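Please model the entire structure based on the sequences and the hints provided.
Numbering-wise (my numbering), the sequence shown opens with residue 2 and increments by one.
Hint data in this document are derived by calculation from the structure and do not stem from the laboratory.
Note that this is a predicted model, so its numbers are computed, not measured.
Each residue gets a CB set at the ideal place from its N, CA and C atoms; glycine is no exception.
Treat each hint with caution, since some may be false.
Stated by the list, open to error - Below, a list of computed lysine to aspartate or glutamate pairs in the EDC-like style, where the Cα atoms sit at most 16 Å apart:
hint, residue 1, residue 2
1, Lys-139, Glu-163
2, Lys-84, Asp-3
3, Lys-22, Glu-9
Stated by the list, open to error - Quick list of the computed label-pair ranges, beta carbon to beta carbon:
hint, residue 1, residue 2, range
4, Arg-149, Arg-65, 23 to 31 Å
5, Tyr-68, Leu-135, 32 to 40 Å
6, Glu-163, Lys-75, 37 to 45 Å
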Amino acid sequence: MDRSRAFELVKEHVKTKNLVKHVLAVEAVMKALARKLGEDEELWGLAGLLHDLDYEYTKDDPARHGYMTLELLKDENIPEEVKKAVLAHAGHKERELPIEKAIYAADPVTGFIVAGALIRKEKKLEVLDVPFLLRRFKEKAFARGASREQISSCQELGLTLEEFLGLSLDAMKGIASELGL
2 MDRSRAFELV KEHVKTKNLV KHVLAVEAVM KALARKLGED EELWGLAGLL
52 HDLDYEYTKD DPARHGYMTL ELLKDENIPE EVKKAVLAHA GHKERELPIE
102 KAIYAADPVT GFIVAGALIR KEKKLEVLDV PFLLRRFKEK AFARGASREQ
152 ISSCQELGLT LEEFLGLSLD AMKGIASELG L
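Now the structure itself:
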């Protein structure tokens with residue numbers, strides 16, 4: 002499956018504008034992680050783009066989240082690593098492969114970074130930096146839905162929190178216009 006087909010599927014199944022922005026952000030972070038770790042950018046990008054394909058159908062039934070994505074993709078030519086990443090991000094399988102560890106950390110960090118942009122008067126990613134994000138990371142009440150534990154799992158990839166936040170922020174700045182930030 003190529004990126005254009007994956008994005009067609011996103012447009013077909015994801016109707017919430019903010020959720021489309023979320024999967025685009027996770028795609029960007031996953032590609033940046035792949036570059037950093039010497040992995041396949043396109044493959045990792047697909048995992049990021051498709052990981053929440055079923056979210057609008059399963060948001061009230063998290064036990065089905067991920068599994069329904071695989072059902073929606075059953076007639077598509079999806080690499081096995083992408084399928085495993087989809088299940089790992091939803092907590093349905095142990096994180097073993099680097100792609101599984103990456104998406105587990107990348108998923109919540111995008112929301113955390115967006116929250117950082119939205120509390121600034123400019124509402125732009127360009128005004129954010131890593132020291133600002135590190136300070137906010139320590140505040141339990143800030144971006145409460147962004148699991149600090151999941152974000153900190155970046156260490157499973159050999160990255161410090163500071164490195165991971167910087168890489169993720171730079172990746173999202175690269176698509177800021179698509180994100181409206």
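So, going through the hints one by one against the coordinates:
Between Lys-139 and Glu-163, the direct Cα distance comes to roughly 13 Å. Compliance with the 16 Å bound is thereby established for this hinted pair. A threshold of 16 Å between alpha carbons decides the hint, and for Lys-84 with Asp-3 the separation of about 15 Å falls inside it, so the pair holds. Distance hint between Lys-22 and Glu-9 is fulfilled; the C-alpha atoms sit about 14 Å from each other, no more than 16 Å. Judged by the Cβ atoms, the range 23 to 31 Å given for Arg-149 and Arg-65 holds: they are separated by roughly 26 Å.
A hinted range of 32 to 40 Å holds for the C-beta pair Tyr-68 and Leu-135, which are about 35 Å apart. Distance hint check: the CB atoms of Glu-163 and Lys-75 are about 40 Å apart, consistent with the given range 37 to 45 Å.
The structure agrees with every numbered hint stated previously.
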